[in-house]
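**Q** In case you want the letters, here they are:
2 protein chains.
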Amino acid sequence: MNKSPLSELSSTLSDEMQSVDYLINQRMFSKHAPLIQELTNHLINAGGKRLRPLLTLACANICNYKGTYHIHLAAIVELIHTATLLHDDVIDESFSRRGRPTANKLWDNKSSVLVGDFLFARSFQLMVETGSLKILDSLSNASAEISESEVLQMSLSRNLSASEEQYMQVIKGKTAILFASACEVGGLIAEEQSNKVEALRLYGEALGVSFQMVDDFLDYTGTKTGLGKDIGDDFREKKITLPIIYSLQTQNQTNQKFWRRTLEKGNQEIGDFETAKKILAGDGSLERTRLEAIYWANAAKKQLKNFPHNKLNALLSRVTDYVVARVS
Amino acid sequence: MNKSPLSELSSTLSDEMQSVDYLINQRMFSKHAPLIQELTNHLINAGGKRLRPLLTLACANICNYKGTYHIHLAAIVELIHTATLLHDDVIDESFSRRGRPTANKLWDNKSSVLVGDFLFARSFQLMVETGSLKILDSLSNASAEISESEVLQMSLSRNLSASEEQYMQVIKGKTAILFASACEVGGLIAEEQSNKVEALRLYGEALGVSFQMVDDFLDYTGTKTGLGKDIGDDFREKKITLPIIYSLQTQNQTNQKFWRRTLEKGNQEIGDFETAKKILAGDGSLERTRLEAIYWANAAKKQLKNFPHNKLNALLSRVTDYVVARVS
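Here the protein sequences come in this chain order: A and B.
Residues in the first sequence are numbered consecutively from 1, following the numbering used here.
Residues in the second sequence are numbered consecutively from 1, following the numbering used here.
Derived from the structure by calculation, the hints contain no laboratory data.
Computed from a predicted model, the values in this text were never measured in an experiment.
Don't take every hint at face value.
Said to hold, decoys possible - List of simulated lysine-lysine pairs, DSSO-like, C-alpha gap at most 27 Å:
#1 A:K238 <-> B:K110
#2 A:K31 <-> B:K172
#3 B:K110 <-> A:K172
#4 A:K305 <-> A:K257
#5 A:K110 <-> B:K265
#6 A:K134 <-> A:K105
#7 B:K134 <-> A:K110
#8 A:K265 <-> B:K265
#9 A:K265 <-> B:K105
#10 A:K265 <-> A:K196
#11 A:K265 <-> B:K110
#12 B:K134 <-> A:K134
#13 A:K31 <-> A:K196
#14 B:K105 <-> A:K238
#15 A:K110 <-> B:K105
Pulled out of the complex, with its shape left as it was, chain A reads as follows (with noise of 0.2 Å):
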C-alpha cells in the first residue's frame, strides 16, 4: 500500500521536525506559568498533521535553504494555527476536536484565550529573531487577515445571502492565507528569486482554499476520524458554507424553506441534519463543492513547474492529490 505524502513528507523531514518541536517545547516552557506548556502540549501532540509546517520546511528545502530559521518559521507558522484553534474553539463553543476533548473543555475558556495571546506573541518573537522583515511582513499580516475573516465569518452566519465571493473571501483569510505564508517564508529564508516565492505563495493559497473546501465538505458526509472538527458542527453553529450557497441557488422552495428555518433562524430539529446531507447529496451541491476542491488543487500543483523536479516537488504535487482524496 502507498503511504500518504504527508507520512513521506514527515519521514523525509524528520530530523527538521524533530527540531520544531524541540524549539516549540523550548520557547513554551514557563517556570513561573505551568499551564502554558500542558495546554499547548495538549493541541500539539494530539495527532494533528502538522501540515502547514511540513510545507514551510518542503519549500524552504525545494529553494535549496542551507540554514536553521526554516526551523524557527515552522514553529511560528504550527504556533499560529495553533492559537487559532484555541481561541476558535472558544468562540464556536466547541468541546470536541479530532475526537479528544478541546482545551476549553479540559481546562476553560479563560486559559484558552490566554495561551492563544501567548503564542500568538511567542509567534512574533520568534519572527523577530529571524531578522528578516519581508517574513515578518508576510506572517504578521496573515495573521491580522485571519482575525480579520473571521470576524467577517461571523458577521455572515445564518446570512442567505452570503455569495460565493463572500465564502471565497472567509476561507482565502482563515485558511489559505496561513498555508500561503507558511510555503512563501520557506521561499523567503532561502532568498528565492521573487517569482518563485511568488509561486510558493499561490501553491500555498491555492491548496489551503482546497483544504478549506474538503473540510466543509466533509462536515457534511464525513464520519468522525481524520476531521478536525466534529461533523454537523458548520450546521450546528449555522455557518453559510460553499455547499449551502450551492443549495440556495438551486432555487428549490422546499430545500429554501429547510435552509431558512435550520440556519437563518436557527430552529434545528432532532433529524435535520440528517435531512441536511440527504439535501445537499441530492441537489448537486457537494457535487459542486468536491468539483471545485478539486479545480483549486489542480491549480496548486501548476504552480510547482516552477521548481526543478525532485522527490520534494513530486511530495508536494501528491500533497495537492492527498487533500481532494478525502472526498473522493
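Using the hints provided, position chain B relative to the given structure of chain A.
**A** What follows is chain B alone, placed relative to chain A:
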C-alpha cells in the same frame, strides 16, 4: 487650579495625538468587517487617559526625535493595551469599565476575542512598518510577557500563599512591561544612547508598577469615577493583590479566617466587601500599599535626571506624582 500633567501632556502633544487617532482609525477600517472599527472605537473613544501613547510621544520628543514613526509607536501601544482590555473583560466576565458597558456586554465574547486578536495582529504590522528590529524585539517581548503574566495571575487567584514576589512578577508583566516598552521605544526610534534608552525603560517600568499598586489600592477604597474597572472587582474575582498579601502577613486570626472563606473558598456573602474594606483600612495594609506605590513613583522620577530639564521632562516628572495623587 492646576491642570493635571496628563491634560498638559495632551495639549502639548495634541497635534501628534491627532495623528495617532487618525492612524488608528485608518488601520481599523475594514470594508468587509465593519464590526472591527465599531468595537475599537467604542473602547478607544471611551475617554481613557491615553497615558501609554502620551508616554511614547513624550519619550520620543525628549530624545529630540524628528521623524514621524513615533506616531506608529504610540498607536501600537494603544492597540496592544486595547486588545488586552478586550480579552481581560472576557476573562474576568466584566460588564462595566469606566462606568460604561464593556464590549463583551454590548456585543459578545466572540467579537471581543476576535477583535482583540485583530488588534494584536494589526499592531505587529505597524511595528514591521517601522523597520526597526530593536523595536519589534521590545514590543513583541512585552506582548508575550503580558499574556504569560495573566496566566500566572489566573493560577494565583484564590491562592492565599501567593507571595509579594509573585505579586510583583504579575504586575510587572501584566502592566509595567507595556509602560516600560512604551517609553523605551520612544528612545529607540530616536536612536538615543543605550543608557538613556534604559533610563526611559526603567522610568516606564517603575511608573507602571506604581500605577498598578494604586489601582489595587483603589479597588478597596475608590469610587467608580476615574477608575478603569468597577471597585470591588478584585475581591469578587478573588484576586490576591498587594493589600490582601499585607493583611495576611499581619497574622490576625479573625481576618485570616475571613480571607480564607471569601477568597480561598470563594464563599462571599452580602456585606463581605464592606468588611474587607474595613479590615484592610484597619490593619494598615492599605497604608503599606500606598507607601509602596509612592516608593515606585519616586523610583520612576529619579530616572528623569538622565535627561535635560525642560517642559516635557517636568511633565513626565509630574506624571509620577499624579499617579500616586489618586491615593493621597
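**Q** Is A:K31 close enough to B:K172, meaning Cα to Cα at most 27 Å?
**A** Holds, at roughly 16 Å.
**Q** Between A:K134 and A:K105, does the CA-CA distance stay at or below 27 Å?
**A** 38 Å, violated
**Q** A:K110 and B:K105: Cα distance at most 27 Å?
**A** Holds, at roughly 16 Å.
**Q** Would the pair B:K134 and A:K110 pass a check requiring their Cα atoms to be no farther apart than 27 Å?
**A** The hint is violated at about 31 Å.
**Q** Given the hint that A:K31 pairs with A:K196, does the C-alpha gap stay at or below 27 Å?
**A** 43 Å, violated
**Q** Does A:K265 pair with A:K196 here, judged by a C-alpha cut-off of 27 Å?
**A** 47 Å, violated
**Q** CA of A:K238 to CA of B:K110, is that 27 Å or under?
**A** Holds, at roughly 15 Å.
**Q** A:K265 and B:K110 were given as a pair; does the straight-line alpha-carbon distance stay at or below 27 Å?
**A** 19 Å, holds
**Q** Quick one, are A:K305 and A:K257 close enough, alpha carbons at most 27 Å?
**A** 47 Å, violated
**Q** Does A:K265 pair with B:K105 here, judged by a C-alpha cut-off of 27 Å?
**A** Roughly 23 Å separates the two Cα atoms, so the pair holds.
**Q** Are the Cα positions of B:K110 and A:K172 separated by 27 Å at most?
**A** 20 Å, holds
**Q** For the pair we were handed, A:K110 and B:K265, check the Cα-Cα distance against 27 Å.
**A** Judged against 27 Å, a Cα distance of about 19 Å means the pair holds.
Violated hints for the displayed structure, listed by number in ascending order: 4, 6, 7, 8, 10, 13.
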